[in-house]
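Visitor: These are the residues of each chain, in order.
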Amino acid sequence: MTLHSRKDDCAAASAHQDATLFFDDLHKPLTDLMAVKEADHCLYCYDAPCIKACPTSIDIPTFIHQIRTGNVTGSARTILSENIMGGTCARACPTEVLCEQACVHNLAETKPVEIGLLQRYATDHLMAKGGPHPFQRAVETGRHLAVIGAGPAGLSFAHRAAMLGHRVSVYEARSKPGGLNEYGLAAYKMVNNFAAREVEFLLGIGGIDIMYDQPLGGVLTLNDMRLQHDAVFIGVGLGGVNDLGLEGEDKDGITDAIDFIEQVRQSDDPSRIKLGQHIIVIGGGNTAIDAAVQSKQLGAENVTLVYRRGESQMGATGFEVDLARRNGVKVVLWSKPVAVQGVQAVTALTFERTQLVDGRLTGTGDSYDIACDRVLKAIGQKFDGAGLLALDTSYGKLTVTDDYQTSVTGVFAGGDCIATGEDLTVQAVEDGKQAALFVDSWLQNN
Amino acid sequence: MADLRCSIAGIDSINPFWLASAPPTDKYINVVRAFEAGWAGVVWKTLGEDPPVINVASRYGALYGSNRGVIGFNNIELISDRPLEVNLREIAQIRKEWPDRVIIGSMMAPVDERAWKDLAIRIAGAGVHGIELNLGCPHGMCERDMGSAIGQVPEMIEQTTRWVREAVDIPVFTKLTPNITDILWSAEAAKAGGADAISLINTVNSVISVDLDAMAPNPVVDGKGTHGGYCGAAVKPIALHMVAEIARSPETQGIDISAIGGIENWRDAAEFIALGANALQVCTAAMLYGFRIVDDMIDGLSSYMDSKGYKTIEDFRGLAIRNTVNWNDLNMNFDTKAVIDQEACIECGRCHIACEDAAHQAIKFDVSPEGKRTFTVIDQECVGCNLCAIICPVPNCIEMRPVETDLPYLTWPDHPKNPLGGSQ
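In order, the protein sequences belong to chains A and B. Just so you know, our numbering puts the end of the first sequence at 446, numbered straight through with nothing missing. Just so you know, our numbering puts the end of the second sequence at 424, numbered straight through with nothing missing.
None of these hints come from the bench; they were simulated from the model. Bear in mind that the values here come from a model prediction, so they are computed numbers and not experimental data. Note that the Cβ used here is the ideal one computed from N, Cα and C, for glycine as well.
Some chain A residues well away from chain B (every beta-carbon gap over 12 Å; in silico):
id	residue
1	Glu-200
2	Glu-247
3	Leu-323
4	Asn-446
Some but not every residue of chain A turned toward chain B, in silico, with C-beta under 8 Å:
id	residue
5	Lys-37
6	Asp-40
7	Leu-43
8	Cys-45
9	Tyr-46
10	Asp-47
11	Val-104
12	Leu-107
13	Ala-108
Next comes chain B alone, as it looks inside the complex:
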């Protein structure tokens, strides 16, 4: 059985699965239920200065896949709407009751040194393991010059991180917003400010859908809607990219990463760890399915590690970073062709029409006199794009098979057809 214990910013955790700062970590009862279910830690829902904010109804919207499966989710909820004192009292109580679990206090404040420091000190006083700076909330709070309003300005990321770093002697996590042009600017600023770890991504700015009867964005609040924070499975690719950029950039590599963004199962978790994440935060999946999903996250990750011979998370953490490169470092001489397993093919024709209409007319369609439909790849036309393999409803029916070649590894900068030169 693999050892799932991990460490981030010097904080030890019984497994890498924490709940992110959000409704599931809003109060005592939720957090106790999460710990009972097996979650190793929580980032408490973001605390602000009193008086607490007031939320609206309704708050959430969804992007559905097939069978009403929610693949994307957005919210227009603000930070904790309960008095600071109540939150801190509950945090202190749970710290006593659950000594082996991690609680991080998430916070935000107006851009004022005293405000940040006073709030950080009060939260640290409740006994949290660390403080997370919410510099990412892209709705509501940013209109009050907090959240992403700070997180979109590198100098302010550095400043707020430094203020908290100076105020408390526990680890500081700076949580970044993806609503920027280059995540490295934000990450470098957090590092410069003294962050012990970076948490990312916060939600992506979004309008989830439009109510065509009300003629307003969802969720509709008395006839009107606003942009909200997008999360769930659909944002995972954005988060993977940003984590990878930080993990492989010479300026930021090595900084601890608490990865967030569409993690729904052990495989998602393993992918973030492979790109360098030290620990993980989950929110949407827990909101959609309940805290019980952590069971299979733990079991599945453990089984995967056993199958690969990884005894600890460190054994495979970051192994995919070295293979994450710029486009210019890819091998132009590599080639792959689609191969259709005629035994497995169910003759739906999806590969043919996709290739015919949207790719390279590389899949031939024949019908026998008996009506048997046969789809065959024309190797000379196939560019190895993957489209057919992706849309085929039968798993493993279309294989992308590398072409055997003696050609050397050749990148675009070195390619003879590169008009901007090349070394040859």
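If we strip away everything but chain A, and leave its shape as in the complex, we get:
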């Protein structure tokens, strides 16, 4: 992967120019020849395990069969009918622990089918082809729904609700749609402005309006929205970030990894970002990896990723951790930060080694320093309940029933902000789709 200008390649995307134009694709897209060969590798299983492993239940053997027969547009429709953000999921899903882990080829000890790459091949084909939106709206129901948050859950809800004939208004706090797809994924996963292009494609169904710069609170209240619409869906994700809980955490140079990723994604020229030369990333999830790899790609001399437990406990998949190492990131395990060094700006972090004692993570008392001029915290995000205090929560997130109903009648929620949220784009898309189906039947009785 290298950093370079892609501006010439994507004049068409220049309306929403961002850093994704500067990064090379993490995975090269399949050519026609590669796609047909890879599709031939699929055994077309019956009641396939990969379908069950996909949170959105995409009919994977069918879409791959359609690639094999040359019906690539039909293949994309098969994917998108279950997952309207199949393009992002093809890029960002940890397929090695989802569909591809379930592929029966693993049992045969042969290479699993590259389902993610085939899904990207089909969805890219359809989006590149253009033409009318592949799905049609049902007859207008006259119902008007509000969605809070234009991330994967909210947009998935909006698309399915619009397809079912409802009118949808989406209220987005930021100035762009896409949520984490736009702000929170590494640029090398979403090259050529894919998040924005996908939203544009999704809105092609019609019946959806997005209002930007509309955060909850102030003039926009949940109560008003409920009164003005037939139902409300909340897909606000996780707006807060966990702290290390250390004294001196506010020193210059210590920032949230998610903010750094956003800064990279939204930059016109990420090579000009003032990053520092000695970076410590704290955390073991995919956000930590995204931040560490991009730091290295942007030219930082040393990037050290520190995680308090072992590699097998990391939230990031094996592929992601290898990706970090391949990019020159030093991965340090079994260490937790205990002190911040520096006067005004951070100059080093002190770590204590950790170990498991009777299943509990404990410090060993043995400590060491790592010098740094920048610390990126990626120890998890948390639900920000501003404007949603009327709703019950559990485990710090919104409580919903099996049909995505919150504690307030007519208010539904899904995605990362609900208690069962899994911090996975594909799960958020599924929540939005299922919630729209439940809301549709709820509306028929209300």
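Assemble chain B onto chain A, guided by the hints.
Guide: Chain B only, in chain A's frame:
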């Protein structure tokens, strides 16, 4: 090391692999390259009377299997489009340069005794080992009353064979078309006409595919297409059947057979020999992969023969003929059941859905709470049809295991449920 030498129609050959009359045997350079690669003989591309024919562009179409592998092929090319004199001069030259290799001259002519005899005599004069009558070309030439137009009429097969037999004193091969109702009528006619050997099959009449943009059959020639000759791996089963019928028919058994049709490797070759073929002709595989494929044909056939203890081709030639019988001679009391090797199973479920939708609902599908998928054969429902074993992607995972029984060999004519009687 097994001895691969063979003999057909009295012609000795260093191995059984010849190239069939087709583009790869069209001219000096191709044939020399084939001999350098190890082919034992060629049947020169069919010669006709001057002036030579003119071909069109394009000429070929293909039927693809997975991974763009060509499993079927068709062509609308005619016979040699070069002057007869040029072809004969090149044949004579190669005969001198390659004395241990076989060259057969393929020919066709209008239904006229003088035409057949004159052409046969001229070709024999070039020094060929034998003459092959092309009575099979199913496209183009048949519209000029040659090729399959002759080969579809037994009386004309006999007549043309006799004309050539009378005209020359070298072996005569009559090449048959599969585009008939019963190959035995053609074979018997060739035998009656005095053929020293029968070559079969020529190509099968076909439209290989339709170009859905041009709305015309492939290969498309300026917006239009025509039926062509189908060959390649996909026609092998048709050829095996026809060779077997000739080999086991009391009227034709014993006549030498030069087998043609989808031979791509040593195993295909061995199958034709097992059904009685004396020698083999290959075309499509050489066109798809080049002449080098003969290396493994020779090596593989030799290894197979060594593994079975066959020292010469004659040791196993025709051994499968006695086991090729009419349906009415099969044992109705034989039974076999599918057995799934649970260790080898990769849980794809293909056997289940195939049996469920298209066979006898004989494969049970269970999922454990942990998600392990288990497929089990229900013996009472299994009729032993082979479908599951065929579609299973794992070789040898599903075995068709014969059921032990004390029942006697019982054919349908003798079966008590046969309404037309039976001897019991």
